[in-house]
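Using the sequences and the accompanying hints, generate a full structural model.
Chains as they are written, first to last, in my numbering: chain A, 1 to 283; chain B, 1 to 502.
If you are wondering where the hints come from, they were derived from the structure by calculation, not from laboratory data. Virtual Cβ for every residue (Gly too), placed ideally from N, Cα, C. A portion of the hints provided could be inaccurate.
[To be verified] Where chain B lies over chain A, by a calculated footprint (3+ residues, C-beta under 8 Å):
(1) 121-129
(2) 189-198
[As the list claims (entries may be wrong)] Partner residues are not named here, just some residues of chain B that face chain A (Cβ under 8 Å, in silico):
(3) Pro8
(4) Leu10
(5) Gly12
(6) Leu13
(7) Glu69
(8) Gln72
(9) Leu387
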Amino acid sequence: MADTLTSIRDIERELTSLRAEPGAETPFQRTSVMTHMAWVPPEWVEAAEDVLSGLAERHPSRTVVLLPQPEEDDGLDGYVEVDAYPVGEGRSICTETIRIRLKGKRASAPASVVQPLLLPDLPTFLRWRGLPPFGAPEFEGLIDVVDRLIVDSTEWPDLPESYRGLAQIFDRVVVSDIAWARTSRWRPMLASLWPDIAGVQRIRVTGTAAQAHLLAGWLRSRLKHTVELEHDPADRLHGVDIDGEPAPFPPGDPPSGADVLSEELDTFARDRIYEDAVRGTLQ
Amino acid sequence: MATAQENPLLEGLQLRRMPDPCILVIFGASGDLTKRKLFPALYSLAYRRLLPDNFSVVGIARTEETDDEFRQRMKEAVQQFGRDEFRDDVWESLADGVRYLAADFSDSKGLDRLVDVVNELDDERKTGGNRLYYLAIPPSAFETVVEAMGKRRKAEGWRRLIVEKPFGHDLESARHLNSVIEHHFEEREVFRIDHYLGKETVQNMLALRFANGIFEPIWNRQFVDHVQITVAESIGIESRASYYEQAGAIRDIFQNHMLQLLAITAMEPPIDFTADSVRNEKVKVLRAIHTPGPKSVVRGQYGRGYIEGEEVAGYREEEGVDPQSMTETYVAAKLYVDNWRWADTPFYVRMGKRLPRRETTIAIEFKRAPHPPFEELAAEGLQPNVLLVHVQPDEGVSLAIGAKVPGQGLTIRTVHMDFLYGGAFRTGLPEAYERLILDAMLGDATLFTRIDEVEEQWSLVDAIVAAWVRDRPAFPNYPAGTWGPPSADELLRRDGRSWRTH
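See the structure below:
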């Protein structure tokens with residue numbers, strides 16, 4: 001890893017110099033499709049790195065990882081990495097990863113740190129690990145500069161109550177929820193049970209709390225009547241009972257974490273069905 | 001399935017269009033195409049769960065082989081040529097529905113047996129009578145098969161016919177072939193493959209032109225100086241002498257791939273992306289191509305030379321080739337598309353075997369800036385902007401622009417702005433055959449050639465070939481590993497232009 005950089009200007013300069021491959025005449029080519037930002041509090045660092053490593057190669061992008069450390073003395077530590085991937089004969093493209101430790105007060109205005117680093121004219125995605133502090137300045141500032149917020153409500157405590165804050169920001173930023181994406185194999189399968197499923201009164205979901213609440217919210221919002229939820233905790237979605245009858249298992253294997261995030265990064269439009277489902281969880 | 005209006009749960013679900021269960025019948029299943037392209041494509045489709053439930057394959061060819069031997073050979077082919085990791089469970093799910101029949105499809109007994117096998121499989125796997133016939137056989141065998149399959153039509157389900165190139169060898173034979181097909185199949189049931197249209201980068205030409213506001217306004221005679229299309233292969237004729245001797249470069253590449261690339265480059269925007277809208281526009285371009293005079297077409301044949309440092313034989317020395325052969329392995333032509341958009345804009349096309357490298361590119365060369373205000377340039381002038389579409393390899397698009405060399409004065413140098421497909425989208429490009437087989441199963445003919453296109457293509461080829469009968473060029477006229485005969489360079493030099501060299 002390169003030396004610690006303490007200002008955005010240093011970071012920019014370092015990026016430029018790293019793009020020129022040592023000893024090569026031509027710099028690496030940069031083909032970017034987006035800026036991918038991640039807000040990673042200390043407890044999420046390990047999990048975040050795992051997903052990021054699979055992602056960079058599939059979505060050539062500038063990745064800005066923000067590591068808030070509000071307890072430290074004020075300051076900013078930047079680390080820049082440029083990874084080259086071979087494409088075609090004798091050519092490489094590069095992806096850039098910028099890690100910035102936001103120390104002390106710097107952690108409360110991250111938008112001003114990342115704005116100079118966003119790639120112009122390309123979409124910006126913000127992956128927020130854990131429950132976002134709805135209403136807090138660091139969160140509010142960031143969602144105003146990004147095109148899409150990606151959360152995984154599986155990581156959240158106090159469901160469905162925590163969805164309340166999320167439902168407030170739908171008009172400000174497009175939201176993707178990895179927990180919702182992980183129900184995507186089940187929803188077509190449940191839809192195929194129409195018309196029998198139209199009058200469902202009660203579902204029992206064996207899976208994460210987020211999946212259980214979102215599926216129930218989805219059914220309530222689409223069918224426009226109450227649906228009682230019984231939740232059987234499990235680390236992944238194993239089964240759904242419709243009024244006591246187990247629904248058939250959908251085909252295929254569940255996708256990996258990087259796969260799910262990768263698919264969300266290809267999506268740009270607002271998902272109204274998801275938004276309705278989130279509101280439905282609170283009914 | 002109910003619509004989203006009837007079933008609110010379907011709202012917002014992105015449901016992939018899934019083909020109906022069906023049986024793919026491959027005629028000529030022991031050939032290279034089945035091994036190198038079709039089965040690897042089917043495996044990739046199975047890997048991505050894009051094949052319908054109970055999808056089944058029946059291969060038929062003369063080679064004696066059991067079901068198991070055929071499956072084993074195809075398994076090895078997938079392992080060797082497939083683009084995805086090999087997974088036993090995926091292969092097993094595909095292989096379950098694979099049968100092989102060793103029979104002569106030129107006699108009716110063999111075809112009767114085929115019908116029995118297919119019907120049995122249909123009952124067993126509940127494929128509803130849906131059949132996709134894939135003719136990977138020489139044209140001489142087409143008639144019998146088409147007729148036999150037409151007569152043995154089942155009442156239920158759909159039937160579609162995929163026809164590999166060559167579709168005839170001239171206008172008359174193409175029309176004859178079509179009259180046979182037409183007798184038993186409707187045009188919407190016929191899928192004539194030009195696998196170039198299945199390539200992502202060829203389809204990207206449509207995206208580039210019609211999804212970007214900046215190119216279309218300058219995509220015409222006012223701004224484009226000329227267009228160059230190159231389809232170069234470094235390989236020779238491999239073991240296809242008997243076919244190639246009859247076909248030559250003009251029937252092998254020009255009649256289909258080259259003219260399709262030209263049509264996609266020159267066509268007007270279609271009103272939508274349906275099969276007929278796109279093909280209507282392409283056929284207009286093909287109709288508008290002016291028959292080139294003899295001076296505007298150059299033929300070549302390769303002699304001995306070097307490819308990648310290795311000495312290779314001349315065409316006339318290849319196995320199965322007549323030592324006095326007059327078959328061309330290279331064609332270059334200057335074509336004009338006589339319409340409002342392209343009048344007087346030359347389309348220079350060239351294609352050949354044993355050229356220095358494998359490359360398919362479409363280069364749009366724009367007119368030069370009218371007046372360079374930079375004195376340093378006086379000697380060599382400004383280079384024109386070129387928009388280069390790399391169809392293969394290194395799929396992508398690059399734009400050559402003039403930029404200032406850092407330092408004192410104002411020296412301008414041409415630099416490339418590159419978009420590399422593999423750089424922006426790291427998912428791996430699907431093989432053309434995956435897309436085409438799936439489209440045929442879905443009944444979408446957008447990326448297949450319609451009979452009127454084929455006829456226009458052949459009329460142009462017939463007119464060019466008619467002029468060739470009169471003279472005998474001194475073949476071979478270019479050494480293997482070079483960019484064709486000197487007369488091809490002369491063709492452009494006369495117009496004050498030159499072929500792109502890299």
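Against the structure, the hints:
1. Proximity of the region 121-129 of chain A to chain B, defined as three or more residues with a beta carbon under 8 Å from a beta carbon of that chain, is not established by the 0 residues found.
2. Counting residues of the region 189-198 of chain A whose C-beta lies closer than 8 Å to any C-beta of chain B gives 6; at least three are required, and the coverage claim holds.
3. Annotation: Pro8(B) was flagged as interfacial toward chain A, and the flag holds, the nearest CB pair being 4 Å apart, inside 8 Å.
4. A cut of 8 Å between beta carbons decides the hint on Leu10(B): the least distance to chain A is about 5 Å, and the hint holds.
5. Using the Cβ-Cβ criterion of 8 Å, the hint placing Gly12(B) at the interface with chain A is satisfied: the shortest such distance is roughly 3 Å.
6. Because the smallest distance between the Cβ of Leu13(B) and any Cβ of chain A comes to about 5 Å, under 8 Å, the interface hint for this residue holds.
7. Nearest Cβ of chain A to the Cβ of Glu69(B): about 31 Å, over the 8 Å cut. The hint is violated.
8. Residue-level restraint check for Gln72(B) is violated (minimum Cβ-Cβ distance to chain A is 26 Å; threshold 8 Å).
9. Annotation: interface hint on Leu387(B) violated; nearest CB of chain A at approximately 17 Å, more than 8 Å.
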